[in-house]
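Asks: Here are the chains, one letter per residue:
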Amino acid sequence: MSDFKQYLKRILVIALVIYVCFLLQTSIFSRYRLAGVTPNILLCVVATYGFMKGRRYGIWVGFFTGLLLDIFSGTLFGSYALIYMYIGLLNGLFKKQFFGDDLRLPMILIGTSDLIYGTASYFARFTVKSQHSFSFYLLNLIIPEVVYTLLVSIFVYYMILYINNWLEKMEKKGSDRIGNY
Amino acid sequence: MRQRKSNGGIPSKYLLTILSIICIMLLFFSYSTGFTGGPLETIANHIFIPMQKGIDYIGSTIAISSADTKTKKQLVAENEELTEQVDELNDKIKSYELKLGELDELQKLYELDQNYYDYETTGARIIGRGTSNWFNTFTIDKGKKDGIKVNMNVIADGGLVGIVSSVGDSYAVVRAIIDDTSNVSATISSTEDNCIVSGSLENMTASNVINYSNLSDSDDKVAIGDIVVTSNISDKYLPGLMIGYISSVNLDENDLSKSGTITPVVDFKHLSDVLVIKQLKESYKSE
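Going down the list, the protein sequences come from chains F and E.
Letter by letter, the first sequence follows residues 1 to 181 in this note's numbering.
Letter by letter, the second sequence follows residues 1 to 287 in this note's numbering.
No lab work stands behind these hints: they were computed from the structure.
We treat Cβ as the ideally placed atom computed from N, Cα and C, and that holds for glycine.
Treat each hint with caution, since some may be false.
What the hints assert, rightly or not - Footprint (simulated), chain F over chain E, 3 or more residues, beta carbon under 8 angstroms:
#1 28-35
#2 41-48
#3 120-130
#4 133-139
#5 198-207
What the hints assert, rightly or not - Some residues of chain F that are not near chain E, with every Cβ distance over 12 angstroms (derived):
#6 LYS9
#7 MET52
#8 ASP102
#9 LEU103
#10 MET107
#11 LYS172
With the hints as extra help, turn the sequences into a complete structure.
Replies: This is how it looks when you write it as structure tokens:
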């Protein structure tokens, strides 16, 4: 029973994080565009959960974040879910290399994820319309987005790390108490 | 030997395969039926839209209070300027009213009682911008409850903004005409030549224009500054909605058609309120 409770609590916290980040991305940061782009905060969330908690977390968080974006994008349903899921998985592979306080690995991973996401979006659209030059999209859309996302991701990463540590501490406390009883 | 995970559950590779298959099935399903969320939309509608509305409200009040900080002198100067403008415009209106009366009479003579701008519209606020930088879509605060349907046209500042691409209970997603995937069948209003207007992210970021192509203008009559409106052969867009002005004309390599760029009338970067035309092209045809 307490296992189930813990499970539920974890899911609720992740859902809340995604919720807040979605609102940040679509309603707040879209008002403060730099170089015509908004940062991809939800990608930070997916990547962070991926390398912090492992592959399975990455896949689930990526899948549901993608579904959420699919609902609000009005384009082909399922495309975001697919790409975010694989980004979550890729980040999950680096769980063993991850140590909480070192900021280098998270930054590299989030940056690479955004780069992969940008390139994949380009190719997805290349199949629809084939007259676009990759260099233009790289310089005007992908690179600015990566830079802006990295800037914002520092805050997002520490926020998620803090929440995660707090949750784990609570869970440990809870299980100790059950042991004492 | 089966690998055992420390925390139980399905191993991640099976999980990945299952979810990938679900995603691909969803993709095909939405491609063939135009499915955009179904019951999930209702959930999203009740959880996200109220918050987005709230944030938008706070954001707009902050924008207004920063407008409050103008000094008295500035306001007085602005007031004088505006009063002058009002007088000027009043004069213009009077002369236009006369002309309008004349136009009405002439139209009656020609039995042209079709007025393209007589569509029923409803105002809506933009409460969220696109979910990614790759698509020019935005969310508005009106949906099914207010009678919005997919494929309704959206206008602002007297020009075409885009088309409703999916609808929830109290929100709708609008795809702008500057989006890369958008194509509009259009007419040059002076020569009645048809062309296809397609959005282009590349030209939009570089010089604030969108592309047109397939214009057959053998007499070289189309010139820079000509007005481009939606054509009556389009299957989704209502006829006569203004798109913009031609800003360049080039002859294609095949020496038959022309292409070039159009400056849209709508300022897509500073859009906050739009009008949704509550009439669909299909019903327009049937009348």
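Asks: The structure should be examined with respect to each hint, and the outcome stated for every one.
Replies: Hints, one by one, checked against the model:
| no. | hint | result |
| --- | --- | --- |
| 1 | 28-35 | holds (count 4) |
| 2 | 41-48 | holds (count 4) |
| 3 | 120-130 | holds (count 4) |
| 4 | 133-139 | holds (count 5) |
| 5 | 198-207 | holds (count 3) |
| 6 | LYS9 | 15 angstroms, holds |
| 7 | MET52 | 15 angstroms, holds |
| 8 | ASP102 | 24 angstroms, holds |
| 9 | LEU103 | 25 angstroms, holds |
| 10 | MET107 | 20 angstroms, holds |
| 11 | LYS172 | 15 angstroms, holds |
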